[in-house]
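> Protein sequence lines correspond, in order, to chains A and B.
For the first sequence, the working numbering begins at 109 and goes up steadily by one.
For the second sequence, the working numbering begins at 2 and goes up steadily by one.
Some clues are possibly wrong.
Pairs of lysine-lysine, DSBU-like flavour, derived with a Cα cap of 30 Å [what the hints assert, rightly or not]: (1) B:LYS48 to B:LYS253; (2) A:LYS334 to A:LYS360; (3) A:LYS395 to A:LYS295; (4) B:LYS321 to A:LYS433; (5) A:LYS334 to B:LYS253; (6) B:LYS222 to B:LYS307; (7) B:LYS199 to B:LYS48; (8) A:LYS334 to A:LYS368; (9) B:LYS199 to A:LYS433.
No wet-lab data here; the hints were simulated from the structure.
This one's a predicted model, so the numbers in the text were calculated from it and none came from an experiment.
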Amino acid sequence: MNREEAFELYRQMALIRRFEERCAQLYVEGKIGGFLHLYIGQEAVAVGAIGLLRPDDYFITSYRDHGYALARGTDPRPLMAELCGKLGGISRGKGGSMHFYDVPRGNFGGDGIVGGHLPIAAGMGYGIRLRGTDQVVLCFFGDGAINEGAFHEALNVSALWGLPVVYIIENNRYGMGTSLDRASSVKDLYQRGSAYGITRRDVNGMDLVEVRNVVGEAIDRARQDKRPTLLEIETYRYRGHSMSDPGKYRTKDEVEQMMKHDPIFQFGKRLIEQERFTQADLDALDKEILLQVDEAVQFSEQSPWPGVATLYEDVYVRSPYINMKAAERDPAWQATMREDRVPEEFPAPAKVGS
Amino acid sequence: MAILTMREALNQAMAEEMARDPNVFILGEEVGAYQGAYKVTQGLLQKFGEWRVRDTPIAEEAIAGIAVGAAFTGLRPIAEMMTFNFSILALDMIVNHAAKYRYMSGGQVRCPMVMRGPSGAAAQVAAQHSQAFESWFAHVPGLVVVMPSSPRDAKGLLKSAIRDDNPVIFMENEVLYNQKGEVPDEEYHIPLGLSEVKREGSDCTIVAWSRSVLFATEAAKLLAAEGIEVEIVDPRTLRPLDDEPIFDSVRKTNRCVVVEEGWRVAGFGAEIADRVQRECFDSLDAPVVRVTAADVPMPYSRVLEKAYLPQPDKVAAAVKQVLYR
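Pulled out of the complex, with its shape left as it was, chain A reads as follows (with noise of 0.2 Å):
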């Protein structure tokens, strides 16, 4: 890793932090609505595996998605439109923080179904597979997923067929208030790929070096030798399962003690000892990203709200097997398109301070 490569990574990390603190305080504040998953803590994992992958290849998420846009370069500005609802959201203010989607960067989203995207998952590898090229497919999830039956069935059948997909477990400890422990029989998920013959590895996911070397080479079992992977990383979120969770489930002490480990914070120790930056250069970025995270919510509250018009837009294709002229007494089908949406080319506001 080259020195403006870790300086992109930290700043990465730092941004995913400082866009989710302000997220919280606008939720305290009444902007954003619904529900509310903070990924704050587990920064490296996002960051530490995106980072390797190439722009055709593909994504999809868990709920708690808000770091896996930012770390592949989505505009922070879209996203917090998104938060608060706005037509200038990346989706438009249809999903909000569950569902952050940017197709063109190969984002297909955070997913509200706990494990619902794995069987997803598969299928895009399985598109790959059959177009025969080589690109790969990363795959989010919580340790709350693996239990579902949607994770049992999309590994059983990418380790079947050879789809390139690797599945991250990312172990925070907690499927919302319930711990690993009240809910896996086995305690080392990644143990679970065993079952199909997956390869499989425990991560430490608080170091973003670590999570780099290992999803490396998962991405590239996936992208030559067309095997899935199965990865546990363990992490850890500060907050609780949504900004409505108290965390009274775990002590405080239990908190303090992983907050020592703080992956953005160790991961700037080691730049600072390496004598690749000073501790002045990682300030002057901090206060870089408070500006951009203050012109995202700038950027929010003058995009305008949806038109309720819009509330029958993007049901469905406009398409010409379709007898269109009885459809279109339905408004959702009299709103269809035949394209589909760019985000960049979503209404923006006029530009903030210019």
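Here the structure of chain A is known, so what remains is to put chain B in place on it, guided by the hints.
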């Protein structure tokens, strides 16, 4: 025109579309080496190879999920459910994923897949293997729901379903697989969302789809013997529903009976009855009457099975009821 069974017509539709577009592939239980549990996919593995005709384990959620994921990347999967009874195990993939990703992503994603297979009752296979779930799927915005009743419709509609860019639930019927009918020799397709009048008549409109068209047709023969001429309208697609031909017919006959194989409560026939009373209120000379399955699980015994299903005599009785005869 060739005379084909519905099974052969469906097979032709898939073979032709697979030859036409390399993005089309089939997956499901026993679709390949076994040649299809109901032989609908017969011969396709030999023609197109294992990556395009994929035998899967018995894992409906994976079958549907793989179709959804592959469709997101631009392929056109046909996921066969051995029967739609088992689609309940895949319902999350269809309802929460196939039907919703376009909306949740603000229009970034499309899901051009087909889920197809037999639906409804076969013969004496009891409660878990005899269900008609079209009302469940038709309830979900984002899905297209198709139910053909003839070989010609089956082929033409399946070709449209495969080429369409929306997720299509294509529900066949085991009892209809051996039904024969004329199928054009030339290339054709039938647009989704287009109703057809299957029989003309002036005394009463019967709305029926899939196997219920057979019940209605048999009933029409019984009634004709008594001088009653019914008109049968087959919507063929439940969502989007081409309801105008139904209204036109009711405005002509002033009476309406809706026949469906599913349960009565919240069944799709209630949606049709609702639309008819709203749009044709002034034309109706009697309340809309529905003929449905009994609101119980399907029993095994032949005698009880007959009592459970809509039958020609029940349809004929309903027609007489709305005619006050």
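> Are the hints correct? Go through all of them and say.
Hint by hint, here is what the structure shows:
With a CA separation close to 50 Å, the supplied pair B:LYS48 and B:LYS253 exceeds the 30 Å bound. For a cut-off of 30 Å, the pair hint linking A:LYS334 to A:LYS360 is broken: about 44 Å separates their Cα positions. A distance of roughly 41 Å separates the Cα atoms of A:LYS395 and A:LYS295; the hinted pair therefore is violated under the 30 Å criterion. A distance of roughly 34 Å separates the Cα atoms of B:LYS321 and A:LYS433; the hinted pair therefore is violated under the 30 Å criterion.
Between the alpha carbons of A:LYS334 and B:LYS253 the distance comes to roughly 63 Å, so the proposed pair goes past 30 Å and is violated. This hinted pair checks out: B:LYS222 and B:LYS307 have alpha carbons roughly 19 Å apart, not beyond 30 Å. The suggested pairing of B:LYS199 with B:LYS48 is violated, with an alpha-carbon distance near 35 Å, which exceeds 30 Å. With a C-alpha separation of about 38 Å, the suggested pairing of A:LYS334 with A:LYS368 is violated against the 30 Å cut-off.
A distance of roughly 20 Å separates the Cα atoms of B:LYS199 and A:LYS433; the hinted pair therefore holds under the 30 Å criterion.
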